[in-house]
Amino acid sequence: MTESPFAVDMQNIVIRFPGVLANDHVNFTLGQGEIHALLGENGAGKSTLMNALAGLYKPASGTMKVYGEPVNFSSPKDAIAKGIGMVHQHFMLVPNQTVTENILLGLNEPRFRMSLKKYDQKVLELQEQFGLRVDPTALIWQLSVGEQQRVEILKTLYRGAKILIMDEPTAVLAPQEIDELMETMKAMVATGKSIIFISHKLQEVTAVADRVTVLRKGVVTAEGIAASGMTKRDLANLMVGRDVVFTIQKTPHNPGDVVLDVKDVRGENNKGVPALRGVSLAVRSGEILGIAGVSGNGQSELAEVITGMRECTGSILINGEEMANKPPIAAIKAGVAHVPEDRTHVGSAPSMSITDNTIMKSYRQPPVGKGWSIDSKYARANAQELKEAYGILAPSVDTMARKLSGGNLQKVILAREISGGPKLMVAVQPTRGLDVGAIEAIQRLILAQREEGTAVLLVSEELEELLSLSDRIAVIYEGEIMGTVLTDQANVDELGLMMTGTRLDHLKKFEEVSHHEEA
Amino acid sequence: MKLPFTITFEKRVEDYPKWLPAATSIGSVVVAFIISGFLLKLVGGEPIRVMNFFFQATFGSWAVISDTLVKATPLILVGLACTVAFKMKLWNIGAEGQFYMGAFFASLVVLVPLVPPETSGFIVLPLMAIMGMVGGAAWGFIPGVLKAKLQVNEIITTLMLNYVAILWNNFWIFNKWSDAGFQMTPVFEKSAWLARITDYARPYSEFIETGGGLATFMTAIGLERISGMTLHLGFIIAVVAAVVVWWILERSKWGYEIKLIGDNKEAARYAGINIVRNIILVMMLSGALAGLAGMTEITGVVHRLQERISPGYGFTGIIIAWLAKLNPFAVILVSVLFGALLVAGREIQPAGLSQLLQGIILFMVISSDVLLRYQIRFVRLHKPAAGEVEPA
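Residue numbers (my numbering), protein chains in the order written: chain A, 831 to 1349; chain B, 354 to 745.
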């Protein structure tokens, strides 16, 4: 191995796909013991570049060196042999095998006798080294998402990876898990590993990365600049190519009548465990109520009982009408729009066209439905209008939904839900996994609904999003509302304490006590 | 041998052109014939002569075309039955049983009898068609309800109900309505026969004698003899059914619901669609189409209820729906091809030859799907120095 300051040195990389120049003479260097962030919108060419480094694609031209040594990978095996490991965004784990079994999967050793105990010990030693704690004998399905990710990282480390490519590792994690991951990343570089960190989330990049490379439409717009001096605004500008407005202007809070009135709702999650333990809240027209909380505290179930997708006890009034335990069609007829948490598995039909996806809720009545048939001409023209109005980027309205990027798919879903003229909108994680440009567009659409007088229930794990969009924020913890605060009077520490299980009235009492003591 | 290029399969990034599925399907049938030709040659046969005979025996004259279409008729209907169910990812493999129940229920009209024997065919036949569909639908309803309400796997239930239907039919044929101890009922009254071309032979021969332009034209195209042509009204019924199924799937609200459930059940639930009701209804429609096939077969071909009225039409329907890529019009074309294979199997010795062809066609069409997902690319071989890639 020749001495080189760079773990990875890619120069003038060109990768073409039919009709697209995915990487246009891209330069990228990764220093030894460095965390280098790779930023860019969806489709900017980040994954393409990294897939070339991992041996999945072959560049049309350009040179690659790993630790100073020229390489020409023809398969991922070659890349692994050079110490390059990729931690994929979507985990590739066997749910009913143990952590150690998953780590050993596909290796030549152990050959025949598993002698798991010995390997459990080896895995533990590896964990010690990097502070990646997971019980080696636990089965994958018992683990949280954050723990599963640790298994994925351990898998690459066990295979001797010195260069780790992490593809949007934070997209699936809860806030504390993100913090833990960042600690792990720092621990890994301290032992001489080098990390390429692909992300959309600007604050994470500034928090953890040493240098940043930004890609836009296949071209490098910032090459390995130091991350320390950068502001979020600078990075967003480089990514999107224009100024992105972070503080969204909104009109004063002026709520109307109560549209949604939830009283003492209780329900179970898919595993039959109580997920909602007596939730009560109300949303008025022209108001956004944000639901804050760490994922898995009942937010999804709350949205589902309101939209008729889940059974519950208690009362859910929408414009005074009892809706609890009515089928989804009742909520649709009552004017409830639903932007579901899972865009691809719930919110859209992947193999159907954009047109077919836009009529999912309107095909029953005119003008889309006519007698027993569907007016496909009208539906298509209408989809065309929506495509233009919402800026949906797709070759045509006949394009299948699964060909769309996350942001564009979300726009299709919002276009459909908003065009129904909803009285209540339930939006769950509407911007999760989207890039900066798309997030901005989606947030604007939600605010526009508020102006229209729609009552909006916004579930999000991004506190920042809730603070900038909502009028009031209710915090949910283990299926209970810890308290509701006006956004103007909210402070992040207080919200954080509520998100981890302290009730608002306790906080207030504590404050009073401390005031007394001061006085 | 070292080729100067390699062939690589690349995943298609863009949508394939609209004509491609049809082109690959037709292409694979052609390739299947070519491969069978080679196999024939290998065992010492004369492929060209065999293929020529095959064509002559199935499409060579109006008389054999008529035979081919007679065989195609039940295939179209069971193919449609499978198509509607498969569109919703409901794996109805019970078209065989639904076919038998359709035949049984239709026969009740004349065997019980439900109407006096002297009733006109204009009442008897529609009644039999309705009864046939009711019988098939009932046989689809059972697995439908079990699937919708209790999540019982429809593959198992529909498969098992096939045997129940066949044995149920046999029980009545042997026990109750046996014609002199044979495993068949007496022949139906003529009022329960679907019109066949041959039934018009006499008036036509008289028509030929009178001469005239039309007669000359029909003689010219070789249609001077229609007596013996057994093509019956069932073929028209099957084609109309294909149009109706196409309209339901492509133009109606119900078809939209079926396709949405088939593509993403959760999204359909989210869109407010009643999935339980749709599973039951689609299983009933599927069964009704297969039942109608049973009705046309007994009223158009055998004219009695008997044992083994189907040589496995219901199972062939699964293959047909699949090869037709769930397109009702393609079901007609594929059924005609399979009808031809059935006719050829009767004419060519050994009969296994047409089964061989059937198998190879199926294999080819299924593997041709690769061409829809990947494109073939010829890449010139070159060996670049390590670390360097030649500019493309």
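Calculated directly from the structure, the hints in this document are not laboratory data.
Idealized CB from N, CA, C, for every residue including glycine.
Where hints are given, some of them may not hold.
[Stated by the list, open to error] DEER-style ranges, computed between Cβ atoms: (1) B:Gln-504 with A:Asp-965: 47 to 57 Å; (2) B:Gln-728 with A:Leu-935: 27 to 37 Å; (3) A:Asp-854 with B:Phe-386: 40 to 50 Å; (4) B:Phe-731 with A:Lys-1156: 38 to 48 Å; (5) B:Asn-405 with A:Ser-1226: 38 to 48 Å.
[To be verified] Pairs of lysine to aspartate or glutamate, EDC-like flavour, derived with a Cα cap of 20 Å: (6) A:Lys-1233 with B:Glu-363; (7) A:Lys-895 with A:Glu-1053; (8) B:Lys-612 with A:Asp-1205; (9) A:Lys-1233 with B:Glu-542; (10) B:Lys-618 with A:Glu-899; (11) A:Lys-1207 with B:Glu-700; (12) A:Lys-1080 with A:Glu-1310; (13) A:Lys-1156 with A:Asp-1091; (14) A:Lys-1253 with A:Asp-1091; (15) B:Lys-678 with B:Glu-603; (16) A:Lys-888 with B:Glu-363; (17) A:Lys-992 with A:Asp-1040; (18) B:Lys-502 with A:Asp-1009.
(message) For a quick check of understanding: which of the numbered hints are violated here, in increasing order?
(response) 1, 4, 9, 10, 11, 12, 18
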